[in-house]
Amino acid sequence: MSATIPARSTQTGPDMQEALRGGTLSGGRKAKNHVASGLMVLAFLAAAIPLVVMGASVVSQGYRAVLSGSWWTQPIPETGRSDLANNQNLSDLGFGTPSDAGASSSVVLGMAPAIVGTLLTVLGAAALAIPLGIMGAVYLHEYGKNNWLAKFIRFMADVMTGVPSVVMGVFIYTIWVLPRGVDGKSAWAAALALACLMLPIVVRSTEEMLRLVPDNLREASAALGTHTWKTTVKVVLPAAIAGITSGSLLAVARAAGETAPVVFVIGFVTTVNASFSGANTTLSAQIYGQQQAGGVLAQDLAWGAALTLVIIVLALTLIARRISRRFELS
Amino acid sequence: MTTYDHNDDTQTTTDSTAAAISGEAVTMPMQLAPPSAGIDSAERQGNAVEPESLPKVFNLEELQVYYGSHHAVRDVSMAVCANQITAFIGPSGCGKTTVLRCFNRMNDLIAGARVEGLLAYHGVDLYSAEVNPVEVRRRIGMVFQKPNPFPKSIYENVAYGPRIAGIKKKSELDDIVERSLVQAALWEEVKNRLKASALGMSGGQQQRLCIARAVAVSPEVILMDEPCSALDPIATSRIEDLMLELKSEFTIVIVTHNMQQAARVSDVTAFYSTEVNPDGDLRTGLLVEMAPTVDIFSNPSDELTEQYISGRFG
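So the sequences go chain by chain: A and B.
All the letters of the first sequence, read from the start, carry residue numbers 1 to 330 under my numbering.
All the letters of the second sequence, read from the start, carry residue numbers 1001 to 1314 under my numbering.
One or more hints might be untrue.
[What the hints assert, rightly or not] Cut-off 30 Å, straight-line C-alpha distance, at most; resulting in silico cross-link-like pairs (DSBU-like, lysine-lysine):
{"id": "1", "chain 1": "B", "residue 1": "LYS1146", "chain 2": "A", "residue 2": "LYS145"}
{"id": "2", "chain 1": "B", "residue 1": "LYS1191", "chain 2": "B", "residue 2": "LYS1146"}
{"id": "3", "chain 1": "B", "residue 1": "LYS1168", "chain 2": "B", "residue 2": "LYS1247"}
{"id": "4", "chain 1": "A", "residue 1": "LYS234", "chain 2": "B", "residue 2": "LYS1169"}
{"id": "5", "chain 1": "B", "residue 1": "LYS1152", "chain 2": "B", "residue 2": "LYS1168"}
{"id": "6", "chain 1": "A", "residue 1": "LYS151", "chain 2": "A", "residue 2": "LYS30"}
{"id": "7", "chain 1": "B", "residue 1": "LYS1170", "chain 2": "B", "residue 2": "LYS1247"}
{"id": "8", "chain 1": "A", "residue 1": "LYS151", "chain 2": "B", "residue 2": "LYS1195"}
{"id": "9", "chain 1": "B", "residue 1": "LYS1152", "chain 2": "B", "residue 2": "LYS1247"}
{"id": "10", "chain 1": "A", "residue 1": "LYS230", "chain 2": "B", "residue 2": "LYS1168"}
{"id": "11", "chain 1": "B", "residue 1": "LYS1195", "chain 2": "B", "residue 2": "LYS1170"}
{"id": "12", "chain 1": "B", "residue 1": "LYS1170", "chain 2": "A", "residue 2": "LYS30"}
{"id": "13", "chain 1": "B", "residue 1": "LYS1191", "chain 2": "A", "residue 2": "LYS234"}
{"id": "14", "chain 1": "B", "residue 1": "LYS1191", "chain 2": "A", "residue 2": "LYS230"}
{"id": "15", "chain 1": "A", "residue 1": "LYS151", "chain 2": "A", "residue 2": "LYS234"}
{"id": "16", "chain 1": "A", "residue 1": "LYS234", "chain 2": "B", "residue 2": "LYS1146"}
{"id": "17", "chain 1": "B", "residue 1": "LYS1170", "chain 2": "B", "residue 2": "LYS1191"}
{"id": "18", "chain 1": "B", "residue 1": "LYS1169", "chain 2": "B", "residue 2": "LYS1195"}
{"id": "19", "chain 1": "B", "residue 1": "LYS1191", "chain 2": "B", "residue 2": "LYS1168"}
{"id": "20", "chain 1": "B", "residue 1": "LYS1056", "chain 2": "A", "residue 2": "LYS32"}
{"id": "21", "chain 1": "A", "residue 1": "LYS30", "chain 2": "B", "residue 2": "LYS1191"}
{"id": "22", "chain 1": "B", "residue 1": "LYS1195", "chain 2": "A", "residue 2": "LYS234"}
{"id": "23", "chain 1": "A", "residue 1": "LYS145", "chain 2": "A", "residue 2": "LYS234"}
{"id": "24", "chain 1": "B", "residue 1": "LYS1195", "chain 2": "B", "residue 2": "LYS1152"}
{"id": "25", "chain 1": "B", "residue 1": "LYS1169", "chain 2": "B", "residue 2": "LYS1152"}
{"id": "26", "chain 1": "B", "residue 1": "LYS1056", "chain 2": "B", "residue 2": "LYS1247"}
{"id": "27", "chain 1": "A", "residue 1": "LYS234", "chain 2": "B", "residue 2": "LYS1056"}
{"id": "28", "chain 1": "B", "residue 1": "LYS1152", "chain 2": "B", "residue 2": "LYS1170"}
{"id": "29", "chain 1": "A", "residue 1": "LYS230", "chain 2": "B", "residue 2": "LYS1195"}
{"id": "30", "chain 1": "A", "residue 1": "LYS145", "chain 2": "B", "residue 2": "LYS1195"}
{"id": "31", "chain 1": "A", "residue 1": "LYS230", "chain 2": "B", "residue 2": "LYS1146"}
{"id": "32", "chain 1": "B", "residue 1": "LYS1191", "chain 2": "B", "residue 2": "LYS1247"}
{"id": "33", "chain 1": "A", "residue 1": "LYS145", "chain 2": "B", "residue 2": "LYS1170"}
{"id": "34", "chain 1": "B", "residue 1": "LYS1152", "chain 2": "B", "residue 2": "LYS1191"}
{"id": "35", "chain 1": "B", "residue 1": "LYS1195", "chain 2": "B", "residue 2": "LYS1168"}
{"id": "36", "chain 1": "B", "residue 1": "LYS1247", "chain 2": "B", "residue 2": "LYS1169"}
{"id": "37", "chain 1": "A", "residue 1": "LYS145", "chain 2": "A", "residue 2": "LYS230"}
The hints are simulated quantities; they were obtained by calculation from the structure and are not laboratory data.
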């Protein structure tokens, strides 16, 4: 190999210029560098392709429904299974015939009940899980530290993070819905299931944020004669608030997209039900339900619901990133 | 005055507030523990009337500090007198900071730290069961090695302690903030930007802000843990001047690596050293010698002290 370390004293003027440009590197090293760079670009493209294809298909299939003026305000039109009891409508909707393309244009497309239901369940879940999760994390990091209870809670939170979301649905179905019979299925039950899902995420992300608050701030506060709880409220939480907010919003975004725990416990409606009691529906439940129903109209509704959900989650994520960026600057 | 409104009649309220707060500071040590607890309080008053000796604020007897099973400092006996600057010097790892952090029970915040022996504050054992560390820290403030202002405004940093102590009135807080910043020789530099973030100040300003923050709760004692080690010589000299001014109102204990600093500012110097344990490489700190600063630097009685201050070890 010609690539030996050149003696220092020999490099002056143009030689040094050439050396600093990399002219003395061997061809083999340059080639390896190019190959490695190329492989990394390929790997990135391979990772990006599914994302782009998925995004493109959701947008291209869903945009008509979402852009129709009635989408955000009107009830969900009856399709598939939901109107099996009312068979006459089927022909009106163009079901059952192979040439039912374009049938949805004669129907008022709407998804308002699911949008309301999604906001309701997610806000309910957030109101349950975020305060509880933050207080739990404060206990873990400011009080429990490494005692047996804190270690146990931390372990259980990790285990809960790994529990499949459908298990949370079954759990709430068993302890909340079944005892209440037909009235049990409600947005509140879905909020409970989602809260179970969010709680460990909020606890662990908040604890990480509290860990980032330097100990010397706690010491400074303690040295002024401050109780731990007041130090936590006045110094630690304000210093970590942006990180806690963005962590919590990511948990909210994740809960908004959950399907399995929701379809178990929420029931089914096609009109807006802006209350926690009584059957309700969410976007994720609609995606699942309409896809099961079959037919062009139902497919349009499912794609539209998917795009709506992506938009809502994207909005939440952007808000979370905006807040966390402010956090990084300070 | 854009961010901080004060008018001419604040001067009178400043005086009355100062009186109220210093009055409070005088009576507070008595509330530290029930009268039955601790050592005879008459002894303290007896000290106070002796003209030639200053009242003792701290009295340490055979103080031992452990971190877990590690015996970090052993057998420290000393007295710290009121309105004096007491300096702790010694090589790294000799336990000066550890002892300092015992004075306001900051070591309580470190898991596994344990203290034995007597550490009395005005005759009350600070480590007896009925003493509340939060009350201790209200009377014994601390300034840390690295400036650690809260990520809040300058005003809120200084007002933090008084607010915690229950002062809510805006005018009263304004007075305390101004008085504390004046005492910390910072008022002129920041009076027009009290609402600005404290994190935008220079290191020296931040450290003076931390002193103002400590002064704002009118403690009796201010502990300083190498307060100038992160500062340049000019900022250091400002802090040293400040210490000499604060001496009339506060008792100051300072840990320093800088022997010249100890010689310049302190009245009494305590020299610590380390001994290597035979059964491991963990070292135990101990107090070698404590004497008036002039004596320590001109005529040390211990060989080790003489070697350290003349630069032959440490």
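Q: Provide an ascending list of the numbers of those earlier hints which the structure does not satisfy.
A: Going through the list in order, the structure violates hints 6, 8, 12, 20, 21, 27, 30, 33 and respects the others.
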